[in-house]
Structures are given as C-alpha cells and as structure tokens.
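J.: Numbered according to the numbering used here, the sequence shown spans residues 75 to 335.
If you are wondering where the hints come from, they were derived from the structure by calculation, not from laboratory data. It is possible that some hints are incorrect.
[What the hints assert, rightly or not] Calculated pairs, DMTMM-like style, for lysine to aspartate or glutamate (alpha carbon to alpha carbon, straight line, at most 20 Å):
(1) Lys173 / Asp161
(2) Lys209 / Asp184
(3) Lys183 / Asp157
(4) Lys183 / Glu233
(5) Lys211 / Asp195
(6) Lys173 / Asp157
(7) Lys294 / Asp307
(8) Lys294 / Glu278
[Claimed, not checked] Distance windows between CB atoms, simulated:
(9) Gly111 / Tyr232: 17 to 27 Å
(10) Thr316 / Lys183: 31 to 41 Å
(11) His272 / Gly111: 17 to 27 Å
(12) Asn174 / Asn150: 36 to 46 Å
(13) Leu217 / Pro98: 35 to 45 Å
(14) Glu215 / Asn333: 41 to 51 Å
(15) Ala203 / Glu172: 48 to 58 Å
(16) Pro190 / Pro241: 35 to 45 Å
Quick reminder that beta carbons are idealized off the backbone N, C-alpha and C, glycines included.
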Amino acid sequence: MRKYALFFDIDGTLVSFKTHQIPPSTIFALTQAKANGHQVFIATGRPPLIITNLGAIEHLIDGYITINGALCFINNKVISCKDIPHDAALFAVNDAQEKNYGLIVVGEKDVAVIDPHGEVDRIFRQEIAVENLEKAKTVEEVLEQRILQLTPFFSAEYEHEFMAHIPCCTSGRWHPAFTDVTAIGADKGEGILTMARHLNLNPENTIAFGDGGNDTSMIKNAGIGVAMGNALDMLKQDADYTTSSVDEDGIMKALRHFNLI
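Using the sequences and the hints, build the whole thing.
T.: Right, here's the structure in full:
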C-alpha cells in the first residue's frame, strides 16, 4: 500500500462546529490510517495556545502546521517560523484601536486580544469553543515578540483596503466575521511543502483535508486535496475530491474512498 502524509484542518474538518467534538468515526478512521502506516499531521490557523480540542487523537499526531503555516513543528522541534514585519503588526494594532474593531495578535509565545465590542469573545469562546483566551497577555507584551499572525474582525469589503497597507502579508478568511493575516509565504500550502522537505516526502504522497478559505493553498499544494461537504464552494472547486461533512463521517468516507483504511 502506498503510504501518505495526511494533513487535517481542525475547525469544520476534524472538529464539528455543532458539537465541538471530533466525531467517533473520525477517531476510528485516523486510528486505522496510522495502523496502516500513514502519517497524521495537523494544519490549522490556531496558534498552539488554543489547540485544546484534539485530546482524542493527540497520540496519533506526527507534527503540526499551526498559525496558518507560520509555525511548523514536530515533537516540539520548530521546523519553520515566519514572522510578520514589525511595522505591519503596528499598523494593524493602531488601525484596530482607531477604528474600534476586534483584533487578535499572535506572538511567537503569547497572544493578545483587542475586543472593544465583545465580538472576539462571542465568536471564539461561544461559537467555536476556543479555550485559553483568558491567558492572553497585553498588546504591549506581545508586540515585544515576533508576530506570527493577526486576526482582525472586520468585513471582507474592508479587508481589501486593509491589506493594501501591508503588502508584505497575505490573508486567509475562513469565517465571515474575521480573517487570518500572516506573512507572505506563511500559509498551509507552504507548510505542507516545508514538512515534506524536512521529512524527505514526495509532495505527491500528501493529502490535505479542509473546509475554509485558509485551506485553499494546501488543497492546491497537496498531492490530493479533499474538501469537506461543509466546505466553501470555492474550496470544493479547487479540490480533487469532495467528501461529506464533518458531521456525516466525511473523514472516514474519504479515507475509505482512497483505500487508506
């Protein structure tokens, strides 16, 4: 059997937005895939601080692409770290404070939250069930670190104007209320290629699974790109295969489709 490196987004792919849990069928499928000699990797927009919902499969994971590719590591060994220029981070903080919108600033070690209207808390804690945001540091403390990601809470319309001020960065929106901004060259697709080079893997032997706009680069860069049934239509158009939704055993069905389990 041909061996593959499997890369999974978390929210909406491994973890249900409805239950905030990994479906039993997914746990079973990943266990079988590992037993069959395939490798399991995470590819998420979340920083390590808030990756708290993978306990059921943590023992199966071979490595992590986090912060949309800005920080990649295996067994706590950093494989790649790509930061945002400091002036771009300062622009974002100043813009959020002037225009009064929410912003998450992700540093190399810590996270800061600007949340003037409670929108960050409502969406992250209540809608996505994110934990550990209470451990956030002040903006001033985090700005002393390398900044790996900015998550501004504004419309897609304003996003174009905002990004024009920081051409050194790229944006990946997976939720209508906010987008994730990283340095150019820091995305999930580049994360897969970085992992493949580090592990001497042929990129053709990689399969990526995702549902959001920030998954587009990895769906395109992987040997096989799989969109969940609940994925954005534009992602399905880029994918090689579309499975059912996370709540309808989509991961298990896809792995069976490709004869990996």
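J.: Now tell me, hint by hint, if it's right for this structure.
T.: Tested hints:
For the suggested pair Lys173 and Asp161, the alpha carbons sit about 18 Å apart, so the restraint of at most 20 Å is met. As the CA atoms of Lys209 and Asp184 are separated by approximately 8 Å, the hinted pair is consistent with the 20 Å bound. Distance check on the hinted pair: Lys183 and Asp157 sit about 12 Å apart at the alpha-carbon level, within 20 Å; holds. For the given pair, Lys183 sits about 26 Å from Glu233 by alpha-carbon distance, which is inconsistent with the 20 Å threshold.
Restraint check for Lys211 and Asp195: satisfied, since their Cα atoms lie roughly 15 Å apart, inside the 20 Å limit. For the suggested pair Lys173 and Asp157, the alpha carbons sit about 24 Å apart, so the restraint of at most 20 Å is broken. Restraint check for Lys294 and Asp307: the C-alpha separation of about 15 Å stays at or below 20 Å, so the hint holds. For the suggested pair Lys294 and Glu278, the alpha carbons sit about 11 Å apart, so the restraint of at most 20 Å is met.
With their beta carbons about 47 Å apart, Gly111 and Tyr232 fall outside the hinted range of 17 to 27 Å. Evaluation of the 31 to 41 Å hint for Thr316 and Lys183 yields a pass: the beta carbon distance comes to about 38 Å. A beta carbon spacing of about 19 Å between His272 and Gly111 agrees with the range 17 to 27 Å that was offered as a hint. Checked against the hint of 36 to 46 Å, the pair Asn174 and Asn150 passes, with Cβ atoms roughly 38 Å apart.
Checked against the given bound of 35 to 45 Å, the beta carbons of Leu217 and Pro98, roughly 43 Å apart, stay inside it. Distance hint for Glu215 and Asn333: a CB-CB separation of about 50 Å, consistent with the stated range 41 to 51 Å. For the pair Ala203 and Glu172, the beta carbons lie near 31 Å from each other, so the given range of 48 to 58 Å is not met. For the pair Pro190 and Pro241, the beta carbons lie near 27 Å from each other, so the given range of 35 to 45 Å is not met.
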